[in-house]
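Chemist: Same order as they appear, the protein sequences are chains A and B.
Per the numbering used here, the very first residue in the first sequence carries number 64; after that it's consecutive.
Per the numbering used here, the very first residue in the second sequence carries number 110; after that it's consecutive.
Calculated from the structure, these hints are not laboratory results.
Note that this is a predicted model, so its numbers are computed, not measured.
Where hints are given, some of them may not hold.
To be verified - Once the Cα atoms are required to be at most 35 Å apart in a straight line, the calculated DSBU-like pairs of lysine-lysine come out as:
#1 K195/B - K93/A
#2 K277/B - K218/B
#3 K274/B - K110/A
#4 K110/A - K134/B
#5 K157/B - K194/B
#6 K110/A - K194/B
#7 K110/A - K134/A
Unchecked claim - Here are a few chain B residues that sit away from chain A, every Cβ distance over 10 Å (derived from the structure):
#8 N171
#9 Y209
#10 F221
#11 D241
#12 Y261
#13 E263
#14 Y265
#15 S276
#16 L286
Where a beta carbon is used, it is the ideal one built from N, C-alpha and C, also for glycine.
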Amino acid sequence: MKTKTVILIFIFSSLFFLVNAQSLANSSSKLDARLNKEKIFAESQRKIFNITSWAGANISELINKWGNCTKKSETPNGYTIYSYETRYSGSGGNYKPGYVVTDQFGNVLHQEASKDNTYSYDFTDFYDFYVDKNNVIIKVNIGTR
Amino acid sequence: MRKIIFIMLCIISLQVIKAQESYFKVEHFGVYIPNKSIVLSFPNLTKKQIETKIFKFINDKNYVYKPLLSGDSRIVFRDFSYICKKEKCKADIVAKNFFYLDYGDGFVKISFENEIYSSIVGAQLLINNNDDVASENNAPFGIYEFSAPYKYDEIYPESIFTYNKASKPTLRNPEILNTFLEYYNQFIIDFIKS
Numbered sequence: 064m065k066t067k068t069v070i071l072i073f074i075f076s077s078l079f080f081l082v083n084a085q086s087l088a089n090s091s092s093k094l095d096a097r098l099n100k101e102k103i104f105a106e107s108q109r110k111i112f113n114i115t116s117w118a119g120a121n122i123s124e125l126i127n128k129w130g131n132c133t134k135k136s137e138t139p140n141g142y143t144i145y146s147y148e149t150r151y152s153g154s155g156g157n158y159k160p161g162y163v164v165t166d167q168f169g170n171v172l173h174q175e176a177s178k179d180n181t182y183s184y185d186f187t188d189f190y191d192f193y194v195d196k197n198n199v200i201i202k203v204n205i206g207t208r
Numbered sequence: 110m111r112k113i114i115f116i117m118l119c120i121i122s123l124q125v126i127k128a129q130e131s132y133f134k135v136e137h138f139g140v141y142i143p144n145k146s147i148v149l150s151f152p153n154l155t156k157k158q159i160e161t162k163i164f165k166f167i168n169d170k171n172y173v174y175k176p177l178l179s180g181d182s183r184i185v186f187r188d189f190s191y192i193c194k195k196e197k198c199k200a201d202i203v204a205k206n207f208f209y210l211d212y213g214d215g216f217v218k219i220s221f222e223n224e225i226y227s228s229i230v231g232a233q234l235l236i237n238n239n240d241d242v243a244s245e246n247n248a249p250f251g252i253y254e255f256s257a258p259y260k261y262d263e264i265y266p267e268s269i270f271t272y273n274k275a276s277k278p279t280l281r282n283p284e285i286l287n288t289f290l291e292y293y294n295q296f297i298i299d300f301i302k303s
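Just chain B, same shape as in the assembly (with noise of 0.2 Å):
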């Protein structure tokens, strides 16, 4: 009994840690940071420095950096990518992600907005200079549904959420879920390694 009781708590303990690596967290409104913002330590790093290793960043991942946007401690930078394909989450989900980075002598502090697109029918998305997006043909395309509408479950495969009868949003894609957090979490991983 003991046993089962110490291996219960081993699997509740690693499910806790698992989930406090995300540095983001995904909700029937949309994905968030939950303190507002990502802060992330580089104590050997001059504020100089942390600036050319986000230039090199930018550079490297091919993101588009907003200098309207940007200031003397603040970096900001566009993405625009697939979170997901049709195969596994059912219809195209793209992320148009801004992240802002504020930086100084060894830290630099990180907060995002974005705006997440989907379609089931493969519409090709384009985006130009003024971060606007359109669809090539104008295919059917339009703003990612965390929580399918109430009675439209069917036709919204790809929300993570649906609505219960009392309009409790109850999870029923944790997979896409996961998917989000994967993807969110990896500008974090791949900036800190970077």
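One chain only, chain A, in its complex shape (with noise of 0.2 Å):
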């Protein structure tokens, strides 16, 4: 009786254990969601941030590391956009016609639709440097057009 007694206390307390384990390496797996999360955020704004702190700079300081713009146009409230673009544009992909193959009955005896995987992209990255009349950068915008 005794030993079945020593016997059951150890199975629970096991179990106890094994329980905090658990719902412990849940918390910690949780948490390091949580910070691979923010690490990639983190990340992601590092490279927004080390292009956009152009802002502040001369323009001509940019010209002289990047070279000429490839767009440079106005705005109504008299800043000048110097815009820096690259475009991607092309096709791929295949398209394979459909067929049908009958006998001399007119029986159809196999038969197959046409496939198009054919595929086109056409898009502009964009920089977009706005200066005012010192010639100083004040706001970049970045994006895909």
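Given two chains presented individually in distinct reference frames, assemble the corresponding complex, making use of the accompanying hints.
Modeler: Laid out in structure tokens, this is it:
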């Protein structure tokens, strides 16, 4: 009887530790998940930050480093936009026409539908630098159009 | 009995008055101004004097004037500051705020936009002249969650709300909520006093 009680206590305490350990492991993996997500966020923010940190600099410094812009325009309130654009376009994939095989009586023996895996893309990555009358970059916009 | 009812009524009305004092409201989706804008009246000031008052306020508080967003009757400034630190709010909570001040003779209408960040690992956040935010050594940080994602309560200790089983937001950190309100109300109080 005494041995049985000891065994039961042992089993219950082991279960308790197991549940507790499981809960801690879950908590730890959730925390890892949060930190991992926030690490990725921090790195993506950094990429933007490094480019947009040109704000405050003189436009000539940027031109010296990046070369001439691809487009220049004016805003109605008197700012000049220096745009650096890179266009990406292309197409790929293939088209397989469908077919029907019939016998001499017109019975369909085999048929295949056409398969169209073709694709095309055309987009432009841009960096727009808004420059004031003193040639200072006051705003940087990054995006795709 | 009447005395108890009277005291209770007094407590309730005091709380109502206290709640009405706030210019801002915090809910599970964010912090906002209930009527979208706060209109402050300065009957003795002309438009020019109000403009001077706004620029003095921006300079005194070291806020960043945003000329590109400003116009003839609008001045915009940006602030980037701690709402609360880890010791008090379980995470460092930092706000990037844009205040839009539309003004004319005798009044200022204030509206705002914000983005709030939090870090449980003490990330030092930086902001550049383009108002973009990064962290030193890319330490983990993220957009502040007003409501902890369902089943993730324990790893978002700084969230003001949590979701119950019926997906209803439930207040769990009233002290952090008050910190938010105090932080935002201070902008308005400081401006009135400036």
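Chemist: Quick check for students: does the CB of E263/B sit more than 10 Å from each CB in chain A?
Modeler: violated, 6 Å
Chemist: Would the least Cβ to Cβ distance between Y261/B and chain A come out above 10 Å?
Modeler: The assertion about Y261/B is violated, with a minimum of 6 Å to chain A.
Chemist: Run the C-beta distances from N171/B to all of chain A and say if the shortest one exceeds 10 Å.
Modeler: holds, 16 Å
Chemist: Checking one constraint from the list: CA of K195/B to CA of K93/A, max 35 Å. Satisfied?
Modeler: Holds, at roughly 20 Å.
Chemist: Given the hinted pair K110/A and K194/B, is their alpha-carbon gap at most 35 Å?
Modeler: holds, 26 Å
Chemist: Is the nearest CB of chain A more than 10 Å from the CB of S276/B?
Modeler: holds, 19 Å
Chemist: Quick one: work out the minimum CB distance from Y209/B to chain A and report holds if it exceeds 10 Å, violated otherwise.
Modeler: The assertion about Y209/B holds, with a minimum of 16 Å to chain A.
Chemist: Beyond 10 Å on every Cβ pair: is that true for F221/B relative to chain A?
Modeler: Given a closest Cβ separation of 19 Å, the condition holds.
Chemist: Would the hint linking K277/B and K218/B be met if the CA-CA limit is 35 Å?
Modeler: Holds, because 34 Å separates the two Cα atoms, which is no more than 35 Å.
Chemist: Quick one, are K274/B and K110/A close enough, alpha carbons at most 35 Å?
Modeler: Distance ~39 Å between K274/B and K110/A Cα, so the pair is violated.
Chemist: Could you grab the alpha-carbon distance between K110/A and K134/B and see if it respects the 35 Å cut-off?
Modeler: Measuring from Cα to Cα gives roughly 34 Å; hence the hint holds.
Chemist: Y265/B: least C-beta distance to chain A exceeds 10 Å?
Modeler: violated, 7 Å
Comparing the model with each earlier hint shows violations of hints 3, 5, 11, 12, 13 and 14; every other hint is respected.
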